[in-house]
Each structure stands twice: as C-alpha cells, then as structure tokens.
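Asker: Chains C and B, in that order, give the protein sequences.
If you read the first sequence in UniProt numbering, its first letter stands for residue 1, the second for the next number, and so on.
If you read the second sequence in UniProt numbering, its first letter stands for residue 1, the second for the next number, and so on.
Hints may contain errors.
One side only, chain B facing chain C, incomplete, derived with CB under 8 Å [unchecked claim]:
hint	residue
1	Arg60
2	Leu63
3	Gly93
4	Val97
5	Ala102
6	Trp107
7	Ala108
8	Arg331
Chain B is nowhere near these chain C residues, computed Cβ spacing over 10 Å in every case [claimed, not checked]:
hint	residue
9	Pro88
10	Arg116
11	Gly139
12	Leu150
13	Leu174
14	Glu182
Ranges between beta-carbon positions, derived for each pair [to be verified]:
hint	chain 1	residue 1	chain 2	residue 2	range
15	B	Ala44	C	Asp106	47 to 55 Å
16	C	Arg32	B	Glu303	51 to 59 Å
17	B	Glu337	C	Ala183	37 to 45 Å
18	C	Arg116	B	Ala291	54 to 62 Å
19	C	Gln227	B	Arg335	23 to 31 Å
To be clear, the hints were calculated from the coordinates, so they are not data collected in a lab.
Fair warning: this is a prediction, and the values are worked out from it, not measured in the lab.
Idealized CB from N, CA, C, for every residue including glycine.
Letter by letter, the chains look like this.
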Amino acid sequence: MNLLAIETSTEACSVALLRGEMLHERSELAPRRHAELVLPMAEAVLAEAGLARTQLDGIAFGRGPGAFTGVRLAVSVAQGLALALDLPVVAVSSLEALALETPDDDAAILAVIDARMGEVYAGAYRRTRDAALLRALAGESVGTADALALPAAAAWNVVGTGWDAYRDALAARLPAPPRWAEAERYPQARHVARLAAPRLAAGQGVPAEQALPVYLRDKVALTLAEQPRA
Amino acid sequence: MSDRTLSKPVLGIESSCDETGVAVYAAGRGLLAHRLYSQVRLHAAYGGVVPELASRDHVRKLLPLARETLAAAGVGLRELGGVAYTAGPGLVGALLVGAACARTLAWALEVPAIGVHHMEGHLLAPLLEPDPPAPPFVALLVSGGHSMLVHVAGIGRYRLLGDTLDDAAGEAFDKTAKLMGLPYPGGPALARLAEQGRAGVYRFARPMTDRPGLDFSFSGLKTQVLLAWQASDRSEQTRADIARAFEEAIVETLTIKCRRALAATGAHTLVIAGGVGANRRLREQLAEAGAREGFRACFPRLEFCTDNGAMIALAGALRLAAGQHADAAIRVFPRWELASLPAVAA
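Next up, chain B with everything else stripped away, as it sits in the complex (with noise of 0.2 Å):
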C-alpha cells in the first residue's frame, strides 16, 4: 500500500451500546470530523438500557450521522480510504446495525473494511489527544460495561492485569445513585452530588486493597451505601455526604491499584480511558499521583471517555494502515477478548 492509501480518511462507526457516533479520521491529518448522537432520554423512562430500543434507534440514526459527519469533514464517501466499525463487545443488536451498514458501506464503495474491538478504541482514545503516549503504558478502563487494567505493549499487544470480579465501576456509580434515590443514568448525577459532600462524614472500604492483586470487586461498596442511606435521616445533604464517600472510595481503590499495575509492569505511563474516566476526582487523584511518583498519567478530552465513533476511526485506520481488514462477511462478537487481539507491527 502506498502512504497516499494510507492516509486516505477512514470513516469509524460506534453503535455498541445508547450511543451512536459517526467519525472522520485520516492518519497525518488526525481527526476530521465526528459527531455523537445519545439516546440517554429514550432509555430513561426505562430505567436502564433497553437494547432492542437501543438497536431500533441506531438504524434511525446512523445514515443522518454519517451523512452530517462527512460533510462536516468536507470528505466525499469516494475518497475514504476505508470503514471501521465496532465488531464488539457489547449489545449484538446494537452493534449489528453499525457493522451492517459500515461493511456494506465499504463493500459498495470497494474499500476494506475492519471490525474494531470496543476497548481498543477507548485505550487508543488518548492518541487522539496532542503529544500522545507512547507504549508501553498501562490503560485502565473504566465504564459502565468494564473495569480492566492492560498492559499495552503495543497496538494489538494487550495483556489484561486485573479485571472486575462483579460491578464494573461505572455500574457501581449507577446502582449506587438509584439506591439513593436518583433517575437513570445516575452515575454522573452522583458525580457531581459528591461535589456538595462533606469529606469524612461517611467511610466505605476500598475493596480488595488489602491484600495483593489487580482484580476489583465493586457490589459490596453497593451494600455499604444501601445500609448507610438506611440508617441515616435521609436528608439531602447526607445523600451528598454519602455520594462523597462513595466516590472516594472508588477513586482511590481505582488510584491504589493503578500504582500497583505501574509498579508491577516498570511502565510510567498511564492511559485513563472510559466513561469513568470522565470523573474529575479521579482524573485529579491520578494527576496527583503521578506528579508525586513519577508516572505520566494521559486522558483523553471528556467527550471521547465515553463511547464515541473518533476512536474507532483511529483504531480501525492503524488496523487498515497494517494491512489488517475484514472479508465480505457482516461479523459481531457480543463478547470478546482484549487480549486476542492481534498485534500490529510497531
């Protein structure tokens, strides 16, 4: 392939879970164009994620999307270079309607076309970001779906250090706010409730801190929350002392154990990525520790913590630009290793 196929756009669609995102990226020029559509209000009367509203909503969208994102990145569809769309993980219905349509896309188009591993998008996320970090690094992934720390060797090398054992953390944040009372989705609503919290009212262990291991456990800190709000006076100030403790204790479990990972690899790097990612306590916690022991910590810019198409138009065009795509057949992997994943040369 020559550098002029290598630098041609390539267009990324995200459709793995409520978000829809749309994405223009060519590799010199970075980021083109992307745009997000979020169907957080439809799922709310629901209370949670309804896929099959999910999936119904996506086929609404995307092409609107598609179409607003390539005009806005003044690319015609005859000059991309290629298609990247989420293959997985996540909701199949979901993602089918996003790998549907891009494979086609890139089919008609006579394109190739690649299947993008969700986390891989959101641990690539900060090579969106100006200076970014170089490998090796340890990525924690944080969202409502994961909580894993990986070792990243490399594009594609990938080797998972610690995984959630129940709760991802961002799932913990979302049943933790409807315990206390709080509408769908409520991790962000908590998020900023701690911000009015008192420090040192309340206390909740940092669970599996005390003894060694990279692994999480995140649904006892639930039940702490539940028999604290239970016995308290249930005043709105004590949900925002609560709130407060809560998300101390994740972030500094989260801190505790990024250290830990940075130790055991020797890297001095540390790629924050994720809808969790997104918190300002934990980004503060973690700028901190870095300036204080020697580690880079990179995250990227807000918008692209959570799901978005810019970081699987990155992902896919590394993929492209090595040679890596996928054949004729719509594929889509609702569950699927990090680690499986094949390396691309550095």
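Okay, chain C solo, but in the shape it has when bound (with noise of 0.2 Å):
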C-alpha cells in the first residue's frame, strides 16, 4: 500500500510516503512557508520512491486541530489529491500524531498544542501495542490550561508548544512531574501516516469532499445580535 501523508497544521510542514514498511520523508519547521513546501516536498518523496503519483492508493492529513490556515492547507492539498487521483482520504488528529513524538512507554500521553488567545488544544492518549498505535484516554478540547480536565493516570509524558506556553498551569494538574516532557515537538507526516495506514486497510477511508478540518475553536466572531452596541 502506498500512502501519501501531509501534516501543516503547526509550526512544522511534513510530508510522508508510506510505502508497506518503508517510510520517505520530508520534514522542516518553517512558519509561513508550509504552501511553498508542501507540493516539493510530495514530488520529493515520490521521486526517493520511485513512485508516480498514480501509484498511490490513499491520501492521510492532519485536520487539526491547529493553526486554522495550516489546517486548512493540509485538507486542500489532500482533497486536490484525492479528487485528482480518485482515492480514499483518511483524517488523523494532529494530536495524536503529535502524541507519537513521546517515548515508546507506557506512561499516559498528555499532547498539547499552543492555541493562542491563553488557550490550548489538548488530547490525552495512551501507547497500545497493536496497528492501531493509541487509545485516547478523552476527548479532544481547547481551553485554559488551568481548566484542563485530565483522566486519571499514575505517570504522565508531556509533548508539544503548549507545554512551553503553559507549563506551569500544566503541571499543577497533573498528579506528579511528567516522566518525560518536551515543547520543541509538533505534529510529523510520518506519525499521520502510520495512524492512517491501518484506517485505510481497514476501509475507513472517505472521499474528497469528507475531508474536513477539526478546528475545535468554532466561536471566531460575534454576530450583530452579540455586538456591542456602538
């Protein structure tokens, strides 16, 4: 199976081929570029594959949450590919697949992402030892770090910009300091397409048109109803 990976919905745009077990990829952090990057980077890694792009058979994006043009940049690309090519489009959390940044260990996995406005994107998770990689603990949210509700768990791994952004109000909710903690950590094509794979094996793939963006902050204007009176 070859599948195809795009991941721009923060600071890093990467792209991923999956090719049965082999992976080529492209990865660079670089803040406004993602557009730029973003098609090179998949002639890129077909070219070290020797692929064409007929030769695909499933697109994988990171649908958020994030910045909200990154994410949307990763659905437009994958519903280009998918329409062009007629294939099947698998959406991953890019939460999830920054939770796969973490050791390779049984602790609890708390992925944040810095969500600007005070705020984070959070996703708690643990490792499972079968295709499918993880097992979320609890929803998705966004919100203050001091409001964070996390599940119970004994031993925590911290990964991702919202621990730069709001380390201290993180630890406080944790019940100890994380195992293992890292900021400098983002979201990587690589991680979209090894939680895809088994998705799209798995038949879950869904056309162009479904692929969507998860910003999880839907609330981006006030309505003249909502407005203050001028």
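From the two separate chains plus the hints, produce the assembled complex.
Answerer: As structure tokens, then:
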C-alpha cells in the first residue's frame, strides 16, 4: 500500500510516503512557508521511492486542531490529491500525531498545542500494542491550561508547544511531575501516515469532499445580535 | 504546444472573498459550465464578511462544486489541460483554500496551473460574451473592494489610470445603506430602493469631478447622506429619495470619469466590470453616453459582474495558452498590483 500523508497544522511542515514498511519523509520547521513547500516535498518523497503520482492508494492528512490556515492547507491539498487521483482520504488528529512524538512506554500521554489567546489544544492518550498505536483517554479539547480536565493516570509524558507556553498551569493539573516532557515537538506526517495506514486498510477512507478540518475553536466572531451597540 | 493542447478545457476556481466559483472553459468552445456558491447569508448575521468563516466555508463547498461543474461540462478530470485559480488580491485565508486545492489538483493530474489576478478576471469577463471587445479599451472596475480605471492595451498590458483614494464604489453603496438602516449587504438593496426614489428631491456632490484627473473619492458622499438622513423625517419615501440621489451621484461621477479616460487614451471601447457593474442605472447611463458620444460600452452578463469562476477559467486559459504557468509552490498575493502582471503576446 502506498500512502501519502501531509501535516501542516503547526510550525512544522511535513510530507511522508509510506510504502509498505518503507517510510520516506520531508519535514521542516518553516513557519509561513508551508504552502510553498508542501508540493515540492510530495514530489521529493515520490521521486525518492520511485513512485508515480498515479501509484498512490490513499491520502492522509493532519486534520487539526492547530493553526487554522495550516490545517486548511493540509485539507485543501488532500482534497486536491484525492479528487485528481480518485483516492480515499483518512483524516488523522494532529494531536494524535503529536502524541507519537513521545517515548514508547506505558505512561499516559498529554499532547498540547499552543492555541494562542491563552488556550491550548489538548488530547490525552496511551500507547497500545496493536496497529492502532494509540488509544484516546479523553476527548480533544480547547481551553485554558488551568481548566484542563485530565483522566486519572499515575505517570504522564507531556509533548507539544503548549508545554512551553503554559508549563506551570499544566504541571498543576498532573498528579506528579511528568516522567518525560518536551515542548519543541510538532505533529509529523510520518505519524499521520502510521496512524492512517490501518484505517485505510480497514476501508475507513472517505471521499475527498468528506476530508474536513477539525478546528475545535468554533466561535470566531460575534454576530450583530452579540456585538455591543456602538 | 499543439493546437489540441491549447484548446483542452481549463478548470477555473475563484475563492478570493465570500463566493466560491468554479467553471470550465475551453478555447474555441467557450464556457462549458460554471457554478457559484455565495456565502452572503452566512455573513449577513455578522454585518459583514468574517474572513475566517469565509475560509471555512470555501473548504466545505469547493469540492462538491468542482465535481458538479465538471459533470455539467461533461468533462472528466483527465481531459483537463490546465487549472487556473485566483491567486490574489483578496482575503489571504480564502485565497489559500482555492489556490491550494487547485494547484494540488493540477500537480496530481500533471497539467499546468496558473494563478490568476482577480481583477484581470473581472476586466476580461466581457470576453465571455458574444462579439467580445478587442483591446485597446478602457476598463472601469467597480466592486466592493475596488474602483479603478485601467487602460488595456492587450492581455496583461494594463495601465492604471485612476483609483479610489478612500472607499470603493461598492463599499460606498454598502456603507450608505447601513447608515440608513438597511441590512447587510445593503448595496443591492439601496439600488433597488433608489428605483422608488423621486428625482431632484435631494442632490449630492459629484466628488472630484470639478478638477482634472481620474481618481475617485466616495467617503465624503457617505457623510453627506448621513447628514441629510439625520435632518430628514426618516420616512420610507425619504429613504428612497436619498438612495436615488446617492446612486445618481455615484453613477454620474463614474460616467464623467469614464468619458475623461476614453478621451485621454483615445480608446473607443469601454468595458465595465465588477459587482457595481450590475447596477442598472450605471449600465443605462454608460450605454446612453456611448450612443451619444460614439464609444462602445461592453458589459458582462449580470452574473459575471460579481465574483465568479468563469472569468478565472477564461483569464487562466489565455495565460496558459501563452505558455505561462506556476511552479509547484502554492502562492497567494493578498495585495497584488494589476499593472505588475506580465503581458501576453497578441
């Protein structure tokens, strides 16, 4: 199976090609240059694997949460690829992809992306020993770090830019200091590909138009009725 | 490139503001299909376009609309000779949705792609009509975001003759409508109201017509309307009377500047484009002036005055046929000078 994955929801721009067990990838920390880089990266991984575009079997993308524009870039690229090549699409949580940046142990995982405006995008997971790789311990959320509700777990690994921005508030939500914590980690396309592969194999890919973003933050403007009277 | 390649259908995608437009155009065969989805009702609740919501809606609507348009054109994806998309100017997030999807589509199909200047799309829209105007001509581009006069010597050979110093003409319509309590988007409603207004009850200035030059300024007009409205009995008839006087002031100002631009350039053809180009009084006045003074006034059909994919497919097809195309980087230009575009050899 040849699966192309795109992840552009945070400061990292990455594209990965999973060809059976072989992984080809390009990844760069390049804020504001994702749109320029993403197709040349796709071209590079295909060339490296010696594959034509028409030999792809599926498209995966990081569907957010993350920077709105970055999330939409991944979705739009996935839509364009899937429409042109008539391929199924698998939407993967960018928080799940981030969670796979932690050490492979039995600790619970807190993935946190700085959501700006004093908030974090958060997800809690545990690694599994099956193809799914991860199990969610709670639903994804957006909110202030000090209001974050975490499921009970003795040991935590914490990953993502949220740890840099709200370290103290997040630490206060944990039962003990994290076993491992790293702020300078980002969702990567290789993890999007690994998470998507079993789903694609299980027939869970969807048509291109159903490839849609998950923003979590959905209130972005005030209606006339909500606006203060001038 | 062979003639066969040149005449392959081009898919055009427009997403620069609050309308998603898709079209298929083929040289020699013309427009094969076009579809438009307007977000106007989405933004009405907010009293104006919310850029983030516009981007989100483009993502939802673009692909179904593209499939529908291709089906209506009877064109398969593998039959496309290229893909054109609006690369600017416009809302950066909204532009990026269309550009990313379109550029990727072309990349995956291994056909050329081209980023089109939105205003070039507008000024070439009359070429979608039978008996299209031939350059050189003067184009009046009037919309919610623009008011400009452009000399068109050929495709891509554009010289800015005049621009607005403040509000665009369409913006002046919308803001004036809001002042008098009309709901968003008020411009078209204001124009409809003007039809009920009586001539000569109110009169507003024709801004910047008392001095030479081709620039516009419409923000002062808005203030005049506000003062008149506040001092009035605020009845329905008064609102209509003011709307009529306001529309007359805008239309006469635009007409005066168009005549000046034609005289200054020696052109005999005037092309009108952009959303305000759908205004009935403007179309009548310019057509009358043309008949009287011997110039030809060309308007696109009403649906191609406002934003649409057809004009993007057309402009893109012309540039692709000339061998121009974009590299694999997805690029948008929220601000982009029309005059900076490369020429297309005739």
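Asker: Report holds if the minimum CB distance from C/Arg116 to chain B is greater than 10 Å, and violated otherwise.
Answerer: holds (13 Å)
Asker: If I take the minimum Cβ distance from C/Pro88 to any residue of chain B, is it greater than 10 Å?
Answerer: holds (14 Å)
Asker: With 8 Å as the cut and Cβ atoms as the points, is B/Ala102 at the interface with chain C?
Answerer: OK, holds: B/Ala102 within 8 Å of chain C, min 7 Å.
Asker: Given a hint of 51 to 59 Å, does the C-beta separation of C/Arg32 and B/Glu303 actually sit inside it?
Answerer: Violated: the Cβ-Cβ distance is about 36 Å, outside 51 to 59 Å.
Asker: Minimum Cβ distance from B/Val97 to chain C below 8 Å?
Answerer: The hint holds - B/Val97 has a Cβ within 8 Å of chain C, the shortest such distance being about 5 Å.
Asker: How about B/Trp107: closest beta carbon in chain C under 8 Å, or not?
Answerer: This hint holds: B/Trp107 lies near chain C, its Cβ roughly 5 Å from the closest one there, short of 8 Å.
Asker: Decide, holds or violated, for the assertion that all CB atoms of chain B are farther than 10 Å from the CB of C/Leu174.
Answerer: holds (33 Å)
Asker: For the range 23 to 31 Å, tell me whether the beta carbons of C/Gln227 and B/Arg335 fit it or not.
Answerer: holds (28 Å)
Asker: Taking C-beta pairs only, is C/Glu182 more than 10 Å away from all of chain B?
Answerer: At roughly 30 Å from the nearest Cβ of chain B, C/Glu182 sits farther out than 10 Å, so the non-interface label holds.
Asker: So, B/Ala108 near chain C? Judge it on the closest CB pair being under 8 Å.
Answerer: Given a least distance of 3 Å, the restraint on B/Ala108 holds.
Asker: For the hint on B/Gly93, does the least C-beta distance to chain C fall short of 8 Å?
Answerer: holds (6 Å)
Asker: Quick check for students: does the CB of C/Leu150 sit more than 10 Å from each CB in chain B?
Answerer: C/Leu150 is indeed farther than 10 Å from all Cβ atoms of chain B, at 29 Å.
Violated hint for the displayed structure: number 16, the only one.
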